[in-house]
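**Student:** Spelled out, the chains give:
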Amino acid sequence: MGYANFLYMKGELSLVAIIVILFIYDIFGSKKSLQYYQPTACILLLIHTLINLLPGSETVAFGGMYHATPMGSIVKTILSIGTLLVFMQANSWLKSEQIIIRRGEFYLITLSTLLGMYFMISAGHFLMFFIGIEMASIPMATLIAYDKYRNTSAEAAAKYILSAVFASGLSLYGISLIYGTTGSLYFEEIPAGLNGSPMQIMAFVFFFVGLGFKLSLVPFHQWTPDVYEGAPTSVTAYLSVISKGAAAFVLMTILCKVFAPLVTEWRAILYGIIIVSITLANLFAIRQQNIKRFFAYSSISQAGYIMLGVISGSALGMTSLVYYVLVYMLSNLAAFGVIAAVERQSGKIMIDDYNGLYGTNPRLSVVMMLALFSLAGIPPFAGFFSKFFIFAAAAEQGYYVLVFIALLNTIISLYYYLRIVKAMFINKTETPIEHFQTDAYTRISLIACSAGILLLGIISAVYEHLNDFSFGM
Amino acid sequence: MEIHMEYYLVVSTIMFFAGIYGFITRRNLLAILISIELILNSVDMNFVVFNRYLFPEQLEGLFFTLFAIGISACETAVAIAIIINIYRNIRNIQAKNLNQLKD
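Chains as they are written, first to last, in the working numbering: chain A, 1 to 473; chain B, 1 to 103.
Don't read these hints as lab results, they were simulated from the structure.
We treat Cβ as the ideally placed atom computed from N, Cα and C, and that holds for glycine.
Watch out, some of these pointers could steer you wrong.
What the hints assert, rightly or not - Cβ-to-Cβ under 7 Å is the rule here; a few derived chain B residues that face chain A:
#, residue
1, Glu6
2, Tyr7
3, Phe17
4, Leu62
5, Tyr87
6, Asn97
7, Leu98
8, Leu101
As the list claims (entries may be wrong) - Pairs of lysine-lysine, DSS-like flavour, derived with a Cα cap of 27 Å:
#, chain 1, residue 1, chain 2, residue 2
9, B, Lys96, A, Lys148
10, B, Lys102, A, Lys348
11, A, Lys422, B, Lys102
12, A, Lys95, A, Lys31
Whenever a hint applies, use it, and build me the whole structure from the sequences.
**Tutor:** Written out as structure tokens, the structure reads:
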């Protein structure tokens, strides 16, 4: 091997460089210079995103351990844009009195989870995949426990790490059985050894359970509402969007590349899981009062929709999956930006607290409304188009019943998304949340999200650009 | 006389399912963590045994085991740090007391 192989890992290298620079800055920066920490982090991440904007070509490095695809690099760009938005929204929280002393760690840990997702996306070997997924989930637990003096933060972190480690243990057991039956761990070589024996199907199910936990599909979703509620709001935003998007894309590539010979089996498993995830999560979301728990259930059902792209297994499915992740990311981050701003200002996180928000904070309410309409899939907004494409991808493979059930569920979801809109615009209350100004960073990120929601669906070039790079089974 | 591969696999399978049983039934966070360690160790054993008996000409399984051991150590470290944090907050580590977040 030559060290020249490292040059293929452009995205990872520049991310490592950012982590090192921020680490040194955090330790050695004087108190006065540290006030520029937040802008530095944002600008560095922006530069990193711009450098890696071009998808590049398909490369294999380190004897097949690292396998970069153009689609993978587009997903990486989407994830780093999302991280940038989270950084901007987290600023006012990180400046608060108790947190500011530990502010640097937030950026470092977040970026290292992002690095883990990068490795996971361009893995060509189960070892790389495993290291990536652990690198993404272990630091995440420390992020969730970030509010050191708040009980619920530690409780959520304990629930997260115990279930994440348990899931990765199950996943590893599956990988070990796959190794035993096929004799290889390279993604390229495994399909040749897969013959659909009961042992291999069991191994696949174990492996799938591990990723199901990451994606919080029903029946592996029990940790999600608790963790989302207990974690600091900016971390919840990161958890619900970035790590879920990465896991969805990785699941699709692994199912299409590695487990292609078992396609009938995994389609049958996914079929059931999609129906259960979408339906149960929708029914639970209706009765939530806490807005963070509400978004937890909403994200479970959105993950079910994302799986519709996976089940199709075609190039069209991959395009619509990545497009869905992009739109879902912008909508969810807009919603969480508003939630974080309101929580920061008034400490209120119940849906009833949003009564009369339009009267006092009209602009925030409109952003929230755009986000909710996009999540529910109402036509002029991007969410409608992403749902449309993903339904088209599944219907193309003949899953008409499944698409019909998903469509029915869209109507149920409309009910509970509109509940928040109704609280903000129609419900009256004596004591609404008072008028307040959000800081400049939050405002910029909310404007970016809203612009994305409004424009992404209309500008078809985005979708066509994605379509050029996608691949299926 | 050589020990057959099946004997190792039986031990590792028993360890794996004992770990799952423990994860579900234990009430103390540290005991839950120990159960998880059982699961991870059974996986390591699987890898080594498959490598040694089925594919002795390569070292993939052994390397995987080394990395898996390292990573499970990280997981334990972070989990224990979080458990200590819980102990500081509520003065015990019983799972039934982690009940502030619920529907």
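**Student:** Next, verify each hint and record whether it holds.
**Tutor:** Do the hints match the structure? See the list:
| no. | hint | result |
| --- | --- | --- |
| 1 | Glu6 | 12 Å, violated |
| 2 | Tyr7 | 15 Å, violated |
| 3 | Phe17 | 10 Å, violated |
| 4 | Leu62 | 11 Å, violated |
| 5 | Tyr87 | 9 Å, violated |
| 6 | Asn97 | 9 Å, violated |
| 7 | Leu98 | 5 Å, holds |
| 8 | Leu101 | 4 Å, holds |
| 9 | Lys96/B / Lys148/A | 21 Å, holds |
| 10 | Lys102/B / Lys348/A | 18 Å, holds |
| 11 | Lys422/A / Lys102/B | 25 Å, holds |
| 12 | Lys95/A / Lys31/A | 14 Å, holds |
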